[in-house]
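A.B. asks: Residue strings, one per chain:
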Amino acid sequence: MSTPFSSLGAPASGMRVYQTWINALSDNVANINTINPAGEPAFQERYVVARSSGGSAVAPGGSRANAGIGDGAYIAGTEYGDPGGRMVYQPDHPYADENGMVRMPDMDLSTQMTNLIIAQRAYQANVTVFERARDSYERALEIGR
Amino acid sequence: MPISPISPIASSITPITRPGGAQDTAATSNSAADFGKSLTGALDDLDAKQKATDELSRAAATGDLQSVEDLMIASTETQLATQLTVAVRNRAVESFNEIMRMQL
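For the record, the sequence lines run as chains A and B. Residue numbers are given in my numbering: position 142 of the first sequence equals residue 142, and the series is strictly consecutive. Counting from 1 along the second sequence, just add 1000 to a position and that's the residue number in my numbering.
Worth double-checking, as some hints may not be accurate.
Claimed, not checked - Ranges between beta-carbon positions, derived for each pair:
#1 B:1030 with A:122: 47 to 53 Å
#2 B:1064 with A:51: 27 to 33 Å
#3 B:1072 with A:106: 45 to 51 Å
#4 A:90 with B:1055: 45 to 51 Å
#5 A:54 with B:1045: 19 to 25 Å
#6 B:1104 with A:54: 53 to 59 Å
#7 B:1058 with A:54: 30 to 36 Å
What the hints assert, rightly or not - Just so you have them, the derived chain A footprint on chain B, three or more residues with Cβ under 8 Å:
#8 1062-1075
#9 1086-1095
Said to hold, decoys possible - Here are the simulated SDA-like pairs of lysine to any residue, each with C-alpha atoms no more than 20 Å apart in a straight line:
#10 B:1049 with A:3
#11 B:1049 with B:1071
#12 B:1049 with A:141
#13 B:1051 with A:33
By construction, these hints were calculated from the structure, which means they are not laboratory data. Even glycine gets a Cβ: it sits at the ideal position worked out from N, Cα and C.
Work the whole structure out from these sequences, hints included.
C.D. replies: Here it is, written out as structure tokens:
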């Protein structure tokens, strides 16, 4: 990036990535107990695929020494968990089949909550980097006063 | 009584030449054009940033905002770009005033 305030781009992209991950995790938590009939696929766990925006590495002997630096991350796509889920015995459930089985998503609430904390802390870390970069730029602009 | 004529002094004065010759003037006007161009470019960039922030602020006011961080990032960038432009402008005006105060 060649904009004058390029250091803001990377933490901004990180904030977008973790915002998306938090959205995916809240989707998972919202559907943690969603029950489907045995003949239908279960709710599939949402996975967010994050990728680095920069090039593979710093270009050797390139004209720009900072090539591939400060480009941040982006959401490359979404992956879905096993549609098979897990079969649970609930014979009195309206969706139960002749064997009394229903299909529930194969997710673990404690894993989701742990990932939620990781995503929240990572988002906050990106906000901190953003604030530091902003303060640095403001400090640099003080030179002109 | 014969009066001796005053000899012309013009021949003894060599005209002052600028160190860079005539080329210098062209270089100055070129760099002035470059400065003007970069200033216009910076102002266009600032204008685009302000428009983007305006759009996001409108989205926030009407409840269409998709993500909070987009607005905060855009407004921070606009704020910094405005400060940069104002700083450059102040320095340019300062330089101009300094030149205008010069004793001729």
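A.B. asks: Hinted pair, alpha-carbon criterion (20 Å max): residue 1049 of chain B, residue 141 of chain A. Please report holds or violated.
C.D. replies: holds, 18 Å
A.B. asks: State, for the Cβ atoms of residue 1104 of chain B and residue 54 of chain A, whether the hinted interval 53 to 59 Å holds or is violated.
C.D. replies: holds, 55 Å
A.B. asks: Verify the CB-CB distance for residue 1072 of chain B and residue 106 of chain A against the hinted window 45 to 51 Å.
C.D. replies: violated, 37 Å
A.B. asks: Taking beta carbons only, do three or more residues of the region 1086-1095 of chain B come closer than 8 Å to chain A?
C.D. replies: holds (count 4)
A.B. asks: Between the alpha carbons of residue 1049 of chain B and residue 1071 of chain B, is the straight-line distance 20 Å or under?
C.D. replies: holds, 11 Å
A.B. asks: Okay, residue 1064 of chain B versus residue 51 of chain A on CB: inside 27 to 33 Å?
C.D. replies: holds, 28 Å
A.B. asks: Holds or violated: residue 1049 of chain B with residue 3 of chain A, Cα cutoff 20 Å?
C.D. replies: holds, 12 Å
A.B. asks: Can you take a look at whether the region 1062-1075 of chain B is actually covered by chain A? Rule is 3+ residues, C-beta closer than 8 Å.
C.D. replies: Held - the region 1062-1075 of chain B has 4 residues with a Cβ nearer than 8 Å to chain A, which meets the minimum of three.
A.B. asks: Just to be sure I understand the hint, the distance between the Cβ atoms of residue 54 of chain A and residue 1045 of chain B should be within 19 to 25 Å; is that true here?
C.D. replies: holds, 23 Å
A.B. asks: Can you let me know if the beta-carbon spacing of residue 1058 of chain B and residue 54 of chain A is within 30 to 36 Å?
C.D. replies: holds, 33 Å
A.B. asks: Holds or violated: the 47 to 53 Å window for the beta-carbon distance between residue 1030 of chain B and residue 122 of chain A?
C.D. replies: At 49 Å between Cβs, range holds.
A.B. asks: Take a look at whether the Cβ-Cβ distance between residue 90 of chain A and residue 1055 of chain B falls inside 45 to 51 Å.
C.D. replies: Because 50 Å falls inside the window, the suggested range holds.
Hints 3 and 13, counting from the list given before, are not met by this structure.
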